[in-house]
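As given, the protein sequences belong to chains A and R, one line each in that order.
Just so we're aligned: the first sequence equals residues 1 to 528 in full-length UniProt numbering.
Just so we're aligned: the second sequence equals residues 1 to 598 in full-length UniProt numbering.
Don't read these hints as lab results, they were simulated from the structure.
Incorrect hints may have been included.
Pair by pair, the computed Cβ-Cβ distance ranges are [as the list claims (entries may be wrong)]:
{"hint": "1", "chain 1": "R", "residue 1": "Thr447", "chain 2": "A", "residue 2": "Asn358", "range": "46 to 56 Å"}
{"hint": "2", "chain 1": "R", "residue 1": "Ile361", "chain 2": "A", "residue 2": "His516", "range": "27 to 37 Å"}
{"hint": "3", "chain 1": "A", "residue 1": "Leu441", "chain 2": "R", "residue 2": "Thr396", "range": "51 to 61 Å"}
{"hint": "4", "chain 1": "R", "residue 1": "Lys519", "chain 2": "A", "residue 2": "His387", "range": "21 to 31 Å"}
{"hint": "5", "chain 1": "A", "residue 1": "Gly517", "chain 2": "R", "residue 2": "Ile361", "range": "27 to 37 Å"}
{"hint": "6", "chain 1": "R", "residue 1": "Arg311", "chain 2": "A", "residue 2": "Asp109", "range": "54 to 64 Å"}
{"hint": "7", "chain 1": "R", "residue 1": "Arg397", "chain 2": "A", "residue 2": "Thr376", "range": "46 to 56 Å"}
{"hint": "8", "chain 1": "R", "residue 1": "Lys519", "chain 2": "A", "residue 2": "Lys443", "range": "24 to 34 Å"}
{"hint": "9", "chain 1": "A", "residue 1": "Leu441", "chain 2": "R", "residue 2": "Thr167", "range": "38 to 48 Å"}
Computed from a predicted structure; not experimentally measured.
No residue lacks a Cβ here, since even glycine has one placed at the ideal position from N, Cα and C.
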Amino acid sequence: MAKDGFDVDVPEGPVVTKDAEPEVGHQFFYFSEPTEEETTLSITVVGASGDLARKKIFPALFALFYEGYLPENFTVFGYARTKMNDEELQNMISQTLTCRIDKRENCDDKMKEFLQRCFYHSGQYNSENDFAELDLKLREKEGGRVPNRLFYLSIPPNIFVDVVRCASRRASSEKGWTRVIVEKPFGRDSESSRELTRSLKQYLAEDQIFRIDHYLGKELVENLSVLRFSNLVFEPLWSRNYIQNVQFIFSEDIGTEGRGGYFDHYGIIRDIMQNHLLQILALFAMETPVSLDAEDIRNEKVKVLRSVRPFQLEDIVVGQYKGHSKGGKSYPGYTDDPTVPKNSLTPTFAAAALFIDNARWDGVPFLMKTGKALYTKRAEIRVQFRHVPGNLFRGNIGYDLDRTTNELVIRVQPDEAIFLKINNKVPGLGMRLDRSDLNLLYKARYPIEIPDAYERLLLDAIEGERRLFIRSDELDAAWALFTPLLKELEENKIAPELYPYGSRGPVGAHYLAAKHGVRWGDLIDEYL
Amino acid sequence: MATLSSPHCPSSSYCYSSSSSSSESRYGHPRLVKISSISKRLAQKTLSRHAQKNPNSNVVRMQGGSMATKTIPIEGDSTPLKTPKDGLFSATSWQESSDLSGFNVRKDESTVSITVVGASGDLAKKKIFPALFALYYEDFLPKHFTIYGYARSKMTDEELRNMVSKTLTCRIDKRENCGEKMEEFLKRCFYHSGQYDSLKNFAELGKKLCQHEAGRIANRLFYLSIPPNIFIDAVRCASSSASSTSGWTRVIVEKPFGRDSESSAALTRGLKQYLKEEQIFRIDHYLGKELVENLSVLRFSNLIFEPLWSRQYIRNVQLIFSEDFGTEGRGGYFDHYGIIRDIMQNHLLQILALFAMETPISLDAEDIRNEKVKVLRSMRPLKLSDVIIGQYKSHTRGGVTYPGYTDDKTVPKDSLTPTFAAAALFIDNARWDGVPFLMKAGKALHTRRAEIRVQFRHVPGNLYNRNFGTDLDQATNELVIRVQPDEAIYLKINNKVPGLGMRLDRSNLNLHYAARYSKEIPDAYERLLLDAIEGERRLFIRSDELDAAWALFTPLLKELEKKKVHPEYYPYGSRGPIGAHYLAARYNVRWGDLGLDQ
Chain A
1 MAKDGFDVDV PEGPVVTKDA EPEVGHQFFY FSEPTEEETT LSITVVGASG
51 DLARKKIFPA LFALFYEGYL PENFTVFGYA RTKMNDEELQ NMISQTLTCR
101 IDKRENCDDK MKEFLQRCFY HSGQYNSEND FAELDLKLRE KEGGRVPNRL
151 FYLSIPPNIF VDVVRCASRR ASSEKGWTRV IVEKPFGRDS ESSRELTRSL
201 KQYLAEDQIF RIDHYLGKEL VENLSVLRFS NLVFEPLWSR NYIQNVQFIF
251 SEDIGTEGRG GYFDHYGIIR DIMQNHLLQI LALFAMETPV SLDAEDIRNE
301 KVKVLRSVRP FQLEDIVVGQ YKGHSKGGKS YPGYTDDPTV PKNSLTPTFA
351 AAALFIDNAR WDGVPFLMKT GKALYTKRAE IRVQFRHVPG NLFRGNIGYD
401 LDRTTNELVI RVQPDEAIFL KINNKVPGLG MRLDRSDLNL LYKARYPIEI
451 PDAYERLLLD AIEGERRLFI RSDELDAAWA LFTPLLKELE ENKIAPELYP
501 YGSRGPVGAH YLAAKHGVRW GDLIDEYL
Chain R
1 MATLSSPHCP SSSYCYSSSS SSSESRYGHP RLVKISSISK RLAQKTLSRH
51 AQKNPNSNVV RMQGGSMATK TIPIEGDSTP LKTPKDGLFS ATSWQESSDL
101 SGFNVRKDES TVSITVVGAS GDLAKKKIFP ALFALYYEDF LPKHFTIYGY
151 ARSKMTDEEL RNMVSKTLTC RIDKRENCGE KMEEFLKRCF YHSGQYDSLK
201 NFAELGKKLC QHEAGRIANR LFYLSIPPNI FIDAVRCASS SASSTSGWTR
251 VIVEKPFGRD SESSAALTRG LKQYLKEEQI FRIDHYLGKE LVENLSVLRF
301 SNLIFEPLWS RQYIRNVQLI FSEDFGTEGR GGYFDHYGII RDIMQNHLLQ
351 ILALFAMETP ISLDAEDIRN EKVKVLRSMR PLKLSDVIIG QYKSHTRGGV
401 TYPGYTDDKT VPKDSLTPTF AAAALFIDNA RWDGVPFLMK AGKALHTRRA
451 EIRVQFRHVP GNLYNRNFGT DLDQATNELV IRVQPDEAIY LKINNKVPGL
501 GMRLDRSNLN LHYAARYSKE IPDAYERLLL DAIEGERRLF IRSDELDAAW
551 ALFTPLLKEL EKKKVHPEYY PYGSRGPIGA HYLAARYNVR WGDLGLDQ
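Bound-form chain A, shown alone (with noise of 0.2 Å):
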């Protein structure tokens, strides 16, 4: 056993899981069987030098060590075509690290254990020879335990299979296991997709590959079951007879910011909605799953996108931003941005409008609208309910009778929040009807720091649960929804609808929604 550093001396004990209490762990191995073997955690992040893995996946780990989710032995590896040394890549990692706003004590004595942890190793993606020599540094650190290996590419998407060829062949663990953790994009289309599932799947098992969608590590879209499955309440309210809508709005308050290349080559529709949306909207209307097995609730999502209707181009409205004067300010239009050609079609917003052809949605619009250089930057999903039949207080409602129905609202940004909007007598003599909200704040119920999305993934990935992790199928059947229609708009040069960066985005929004009879709550409730 080669000894090396800090985990000499740290005595066997099992993975701590994500119910056990880390305090916990302990006290634990006293208790264990002494014949189990050790096991150590081996994370790889290839691409290490890389924009998101500094901002987001070395400080998703810090924070899970912080907060002792990681198990006893680990390494946190970086690998990337640039020469470093050990040394170079802990100073680059620790001027990302931050501590928990609420958990502030030693934090510093953490982040020197954190980043002891923390090795390089330089090599090019696609060379077997130096994936083996990762592999030997992996195997001196892993010290004889048994060793499970956990890569993550942030990388373009266009090596990817370079690497997990060599990954796998080269680096991956003989007696633990070994997983991928790739992040979109996942192809442009159903048939990029696929190729690029194919060749995965020469060189890793399905169980092996975690397809991430962060958006699905976010807090509130994890309650979104909980809330439908746990409450009662919501029971009954979960279907067409009486909701009359569901609206999945996602928006940024920024452009492209000079960072536009990959952006073009995917449009906003590839790059928001065929993922994240349509992912929520799985989650939102599927039927009950059997457990909340990972399998299952797959399942249950692919159910859903395998009845959705196929998209015509007249659900559909697109838009690009454009350049926009404001209080003497200069904003530029998305084909100012240097890093995009001049002519550009590129949709850098839209809006579409979904329906789910099976027993509980059947006639449910479904409205997904997400963009770039919107006014605010939120993501929200509205649930619309229907009116009341032969409503008593029609007399009070006045005959805009679609600012009297209900509404639940779950805010994933800024702000987390759960609000029910419902009508309410203004309090007073006399009977006057207002919408009020029945909220839920979570900045006031609950003062804890909500943790990144990413910290949840990786410690999923980490415990093998894939509950938040795409399946292959899901991922075809969400290209087949998407990819007629964007195949239709390009080879039609379908010209988006320009609007001005810091807008409400293109009116042809509101055309679509009022085709369906339904208006957008987030322009409503302008006092959000």
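Dock chain R against the given chain A, drawing on the hints supplied.
Structure of chain R alone, referenced to chain A:
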């Protein structure tokens, strides 16, 4: 014509003889008959809160069906009429003259005279006069109105005004002009001293009212703020000597409406000798509370509650009322009635009926009350075993000794009168079969509160059972409508505790009135008085409702008294007798107000 426009009332208590349409021809204005009848209807219809927009010039007043085309002929008169008129003009002209004086709207004027019988009493001082002032202050009273205090004490108008002025307050959120408004209001308050059973005294009152009404269509509202044993005397005298001949006469009575079915029926019979059903306004001031009013709005204007409102989703309903003080030396009246009659049979049962009724055909009073009666009549009569009674005993805490109920000097030492009661009720209809409706009411408890709690069933086949542990009761949804203090509505939902891992807890989706609505919430009496003035009967109790309510409780009350059932004692300031928990447990219910999360 001359008689009619004279400010002096005829010697009879009637201002004007009730005239039929023939009277117009008698007075030689046949041409105007049609207009007159139209305007009369209009006048009635528009006597609503926003309808006091009569022009202040060229007023045409209706007098028993005939019309006078002159303007108000009271100038130079020596009666106190001038005062209210002046106040009135200054109060309204700035608003109304601008938009209306340009038109020659000819409409009949009406006036409201509100007589508070028992004006020197506590309720009158603390609630009725302040409520009337608040209505005036907020411009909800008609343009012409007069308030009379009537009681046995000798007092002058001035003395009454002094007394009233001490309890008037202005809304916190609207202080401007408050002093002026008070003065104006007090100028319209008068006093008449008389016996409650004297026809003569009431006739004198009638005469005075006439003078103030000055020939307008006179609507008269009598508020009986007197002990129940003199209700009928007062009603007899008021109706025979002081009721209006040109407008309506209404009488507001407050509980107790008898002690049981028989005495209640006798009271109703007595009242109906002199009044018609639609003249009787039985007040249950709980129905005037903001959140009780809101109950129907919640239920019927929010689709999300519609599927939930039945035995299919609701496990139990709890109606809870508690006070944190005892009888405090005023137990004489209470001891005769007890908490069941004082709170349960009326306030809580009324709320239950509103909660549980089927959707009415409309929001009209008769439609709503029809549905309420149906609920009451579907209820299973209460059994002794479904009721727990208690009585508070003295308790020493932190050096302070709180007296027991029988320590109250006005209460007999051996009194068995319950100061606490909990009951399980059942509505045997299709919607509510098997759902326990639990009521709990008590004095001298640890908290002051009134609320409705709706506990929903368990989630069938809950995927998250494992995360809840074994106590699934903790995991059901609950809707709480808190009537007082601090009006609020909240829905307890299960939610994921933010963070890694999957821990669930109950959070509230809530609406806290103080945070959402900055306005002060009006007192129940304001609403009820206004409704009585406007003839809106929705919040008042009809005779058949009252009968049904008594039918439910009378056998139980008789049995309790006949068997001399002893109440369970509980310390002053405690959570009440333990028996209430066992009663709830028998129906698999937990009191929501005593749970962990409170």
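- Structure versus earlier hints - violations, ascending order: 3
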